[in-house]
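Visitor: Given only the sequences and the hints, what does the whole structure look like? Please build it.
Protein chains: 4
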Amino acid sequence: MSEGPSAMRVGILTGGGDAPGLNAAICGVWRRLQDVEAVLVPFRDGWGGVIEDRVVHLDPRHMHELVTRGGTILGSSSANPYRDPGRDVPRVKATFARRRLDALVAIGGEGTLLAAERLHREEGLPVVGVPKTIDNDLSATDFTFGFFTAVDRAMTMIDQLRTTADSHHRVMVVECMGRHAGWITAYAGVAAGAEVILVPERPVELNEVFQRLRTLRATGKESAVVAVAEGCRILEDGRLLSSDEKDEYGCYKVGGAGEMVARRIQHALGWEARAIVLGHLQRSGPPGAFDRIFALRLGAKAARLVMERRFGRMSALRNGDVTDVALSEAVGERKVLSPTFIDRYQDFFLVPALSP
Amino acid sequence: MSEGPSAMRVGILTGGGDAPGLNAAICGVWRRLQDVEAVLVPFRDGWGGVIEDRVVHLDPRHMHELVTRGGTILGSSSANPYRDPGRDVPRVKATFARRRLDALVAIGGEGTLLAAERLHREEGLPVVGVPKTIDNDLSATDFTFGFFTAVDRAMTMIDQLRTTADSHHRVMVVECMGRHAGWITAYAGVAAGAEVILVPERPVELNEVFQRLRTLRATGKESAVVAVAEGCRILEDGRLLSSDEKDEYGCYKVGGAGEMVARRIQHALGWEARAIVLGHLQRSGPPGAFDRIFALRLGAKAARLVMERRFGRMSALRNGDVTDVALSEAVGERKVLSPTFIDRYQDFFLVPALSP
Amino acid sequence: MSEGPSAMRVGILTGGGDAPGLNAAICGVWRRLQDVEAVLVPFRDGWGGVIEDRVVHLDPRHMHELVTRGGTILGSSSANPYRDPGRDVPRVKATFARRRLDALVAIGGEGTLLAAERLHREEGLPVVGVPKTIDNDLSATDFTFGFFTAVDRAMTMIDQLRTTADSHHRVMVVECMGRHAGWITAYAGVAAGAEVILVPERPVELNEVFQRLRTLRATGKESAVVAVAEGCRILEDGRLLSSDEKDEYGCYKVGGAGEMVARRIQHALGWEARAIVLGHLQRSGPPGAFDRIFALRLGAKAARLVMERRFGRMSALRNGDVTDVALSEAVGERKVLSPTFIDRYQDFFLVPALSP
Amino acid sequence: MSEGPSAMRVGILTGGGDAPGLNAAICGVWRRLQDVEAVLVPFRDGWGGVIEDRVVHLDPRHMHELVTRGGTILGSSSANPYRDPGRDVPRVKATFARRRLDALVAIGGEGTLLAAERLHREEGLPVVGVPKTIDNDLSATDFTFGFFTAVDRAMTMIDQLRTTADSHHRVMVVECMGRHAGWITAYAGVAAGAEVILVPERPVELNEVFQRLRTLRATGKESAVVAVAEGCRILEDGRLLSSDEKDEYGCYKVGGAGEMVARRIQHALGWEARAIVLGHLQRSGPPGAFDRIFALRLGAKAARLVMERRFGRMSALRNGDVTDVALSEAVGERKVLSPTFIDRYQDFFLVPALSP
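Line by line, the protein sequences are chains A, B, C and D.
Using the numbering used here, count along the first sequence one by one with no gaps and you end on 356.
Using the numbering used here, count along the second sequence one by one with no gaps and you end on 712.
Using the numbering used here, count along the third sequence one by one with no gaps and you end on 1068.
Using the numbering used here, count along the fourth sequence one by one with no gaps and you end on 1424.
Quick caveat, the hints were computed from the structure, so don't treat them as lab data.
Mixed in with the good hints there might be a few duds.
[Unchecked claim] Covered stretches of chain A, going by a simulated chain C footprint (3 or more residues, C-beta under 8 Å): (1) 63-76; (2) 274-280.
[Said to hold, decoys possible] A few chain D residues facing chain B, derived, Cβ under 10 Å: (3) 1126; (4) 1127; (5) 1128; (6) 1142; (7) 1221; (8) 1234.
The beta carbon of each residue, even a glycine, is placed where N, CA and C say it ideally should be.
Guide: Written out as structure tokens, the structure reads:
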């Protein structure tokens, strides 16, 4: 990318787990900065690329179509200058100096943005942020990009699994992403008409699940879908049976929650049950329209923050509008499904997993 | 569906063009009414079914999964009792009496809801509404269901068409739905990175389009996508060349706008151009997650209006919340892309079609 | 379905695991039998439905579109009259008599067809078969329906997972169906450009896999996909490390093969690796065009065998033509990837997993 | 790509309309040539690139994944040295000399391969071919790549359109590719359960179509799909009403066949009918598994022909095996749906369009 002698120079990085929309956010930053003929300095693999001063070459002819692509063209990592701040914070500052950066846009989750916030507050570095978490559990913003794409993917896979559930008269237990918040599971489960939904926010007794399934079966239903979050909390006689524990079979499991629930259902009800873990299929591939437009806007807003030299802030969605908040808000309270949300769906979806 | 002697009896119909989410809205009405053990009386093919007292049998075992399905299980039509009110309004009232209806939920667009509003206002019939238009051009609600599914479909098809555009170094002119409003075209075009977007809200001179494409080509770009709304308004030397006119080839065309633009581009620039009309592929098939959840909520809200005997109103989304408004608002001003929207995207998307 | 007094009466069942195309095969049987106005007697859940004389109601208005749907409308099970032949074989014969069956079409895998073959050979029952195994490991037929749909699904999921692999510079280990034969893994792996493919037919030393990945990485490749069959055979110093064994972490695992390979790669190469199990997502949902047409033809052929009273036979694809073979051939040798196949791909795909 | 002093140098080009699998064929050529460390010289835009000596840069790190991508990375055109042979044939020969080509692989349809054949026969140039036509109408090979992907796409779109057809009780007339052969229409129509299929190979009276639809409607069917090939031949009182003619409305139409059929059905039966043209959506986007593997094999076979110096030949699929035939066979008789094929489906699909 050509540059005049006085062009503004803006670094950019993506950190943490990938989410559909990262490339759209990069695209939004780039497009807005085109207006002022700024030069983009694209760091590789999150903060690691800034620490080690490694950059990526971006072909300007392909920047326009970046909005359509999954993953992140910059690469990502969970590297963080505050793991070894004595060594790495100076290296970050050296990179800023060497690259003559006027600003840096950090796109990432809690870890990435926390580092951005400290670098701004403690070191005075000109940093702005774009929040990212596929789990949608960030209180600073109404939604995070990638979330609705993940919901659509999980829903579509549940839709598809119905043919096997129906043919074999089975319960399919579908494990969705969400260690601490049930957003993806709840939205995908409601959208796909899951018969039971289990989320971290509302511990549920196994007996409630069994009872719900027995009732359904008594009405002539021969198959069912149980949507469970990775981090759902399940009780047996008041004792937490979370997937973080070893289960009765003595193993910690990848896909622990779904497998555990499926085995218990089959054992208790004599209703054949199978577990499937959707895993990375929820986060890989191209973003949906909602997330593309949303991430473009968040990226463009971050670029505007840079142009206005409003450092220490990040773009966010509040009440349907793109606005900005302090970077420190990214690391506040985790946003979980509210009792209101759970109750709203409980009362007409009859979802016992969401009931008290 | 079994019924006690005193069960509330609620009619339901869907009218107008189909939109993904109609079945989810029906499902939402049904689920909420289950709480009070109301009886659903499902009329066939919109107001036509009420006029002629034709009902559909719904299997309660399949109502739960209705949320996942495209189209409308009730069937739809544009029949309207006010075409021949002297004959048909009494027939509607007779059906209400014969079926002992305590209420009726009308799901539909402007025509369907206008009839509902008059039947309530002039005849005192206990009617509530759920607004529906895939074009998203209803000012009474932030969004309408089906819209985001249509955007996702159009975007995905544009993504796919890129391989042919690239291989043949062509301009693909993609005609999207939207006779009076450019919502689908604008959202799908932005999400798919369309190089030019043409909408009804902003008349554009053909020369501007040519100039934009020439500039792109000069940077080395060999293919491009032009997203055009059915009803886009194109000027040639200040004269409107809309697709409603005969073009210079003497024919009125289905797919007129796209075809006309493609021919002009190819002729003026010597850049091979092809038109494709996405048509019904934008509105058919299962809804996306956003529309399923949204339509469920609108349907449930309408059922609650029935339970609260708040007739003459319809459910709506306002500032992100599901609420209710007067039925008369359904037939107010058409909501089009705002100058603000167009300007926002103009300034970082460089979309000349959206510029003044 | 109406019937004349002398109409031929033909039972039909589907047994074993579901595969995309079962409904198309049913549709093919039905369509052909329409020509002779035969009556279809659809048994529920495989041989179980014949033993217990349980039938399914099929709506003739929906038979036509059955070709498009995944799963089996008849339901399936692994019930078999030869589990308790003293009790159940007479019950099968009683059902034949009570239902006045002129023939029965059994659609299923090895277990289902073996029972069909014995009932024909030992009891003289008028049975024909349609072979089904999603694993494509039946030597009696060139391909089995469902296989190509499963390959397409697995390939599409691998394509999608590339964005996450690329963004995180990871190895994705993708576990495909195939306990005894590597067909799905090999076809999907080749089609998706997997860098390593591991199948049951060719035991491979872990060191070979590591070496292959090291070589790739040395050329600058930062991510890779390893496609592994459930039943792949992996050696460590000549000792079989199959997924049927407990691994070094002391657990037997669902998704054992993929998880084991991922852990070993990450440990040996320091290259971050993740496993994903595609599982039921490969077999659920609607069939692709190839399998729809193929299953229709196999079903129609089976109906013709019935009409020609050529019992004890089943339809099959041989050298691209639909023909028929003895039912006993269904239970012969398992068809696995041939050395020729493996060598063909080895020599130009450089797939070490397929090399000696 | 590095090269030793004596490395074999092999040109490659793709010509004609794009088809899913072109990149896979390029990938197959490249992979096989890797074995002998040959140098690939990739010409841009078919014969045009050879005439003007324009080449494309291919990044070896991305060649492996080329198998997954739609379109052609080389670009394509219908340029042909025999349009102006006096000028262009010498230019082709000059490029061969300047680039020191030991061979050239021409991937393309009738036009591309005919030029290859003449250049080999008349000029002695070392050329081999890979046949390509999405229409599957090449008699030299059992199938052509891209065809099954197009069938799957058309089928999936028809499946999707059913929800709109059902909701509005309409006939959807779906126009598929195929000017001279009905392969795509017939396969997609059979796979999607189309109620009527109209192909070029079998002229049909409109009255037959009307009669078929009336019969269906009399059985209670309220919607239907009519699959028509672009080049279908429709008669009215024995007079051909092809889409190449002006219709009664005075216009020649893109999408002429489908539109014409829809209007006539609606007029004659009073059954609402809509036409949709699938167009480029059938040929764009990534290939399916079948076509990827098939095109890889054809490409690899062509590379082997080069290595064995068997010029003047092209790879082909014959009776399920990849083999080679003379280039001159590419330009023989067009392969159309056989009467046998039509009869086979006629007799159990009751497809009148395919009946005599």
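Visitor: All the hints need checking, so say for each whether the structure fits it.
Guide: Going down the list of hints, with the structure as the test:
Given a C-beta distance limit of less than 8 Å, the hint that chain C covers the region 63-76 of chain A holds, as 6 residues qualify and 3 suffice. For a cut-off of 8 Å, the count of residues in the region 274-280 of chain A with a CB near a CB of chain C stands at 6, and the three-residue condition holds. Contact between residue 1126 of chain D and chain B, as hinted, is not supported at the beta carbon level, the nearest pair being about 15 Å apart and thus beyond 10 Å. For the restraint placing residue 1127 of chain D at the interface with chain B, the shortest Cβ-Cβ distance is roughly 16 Å, beyond the 10 Å limit, so the hint is violated.
Interface hint at residue 1128 of chain D: violated, since its Cβ lies 20 Å from the closest Cβ of chain B, which is beyond the 10 Å cut-off. The interface hint given for residue 1142 of chain D holds, since its Cβ lies 8 Å from the closest Cβ of chain B, which is under the 10 Å cut-off. Look at residue 1221 of chain D: its Cβ gets to within about 9 Å of chain B, closer than 10 Å, so that hint holds up. At its closest, the beta carbon of residue 1234 of chain D sits 5 Å from a beta carbon of chain B; the interface hint therefore holds under the 10 Å criterion.
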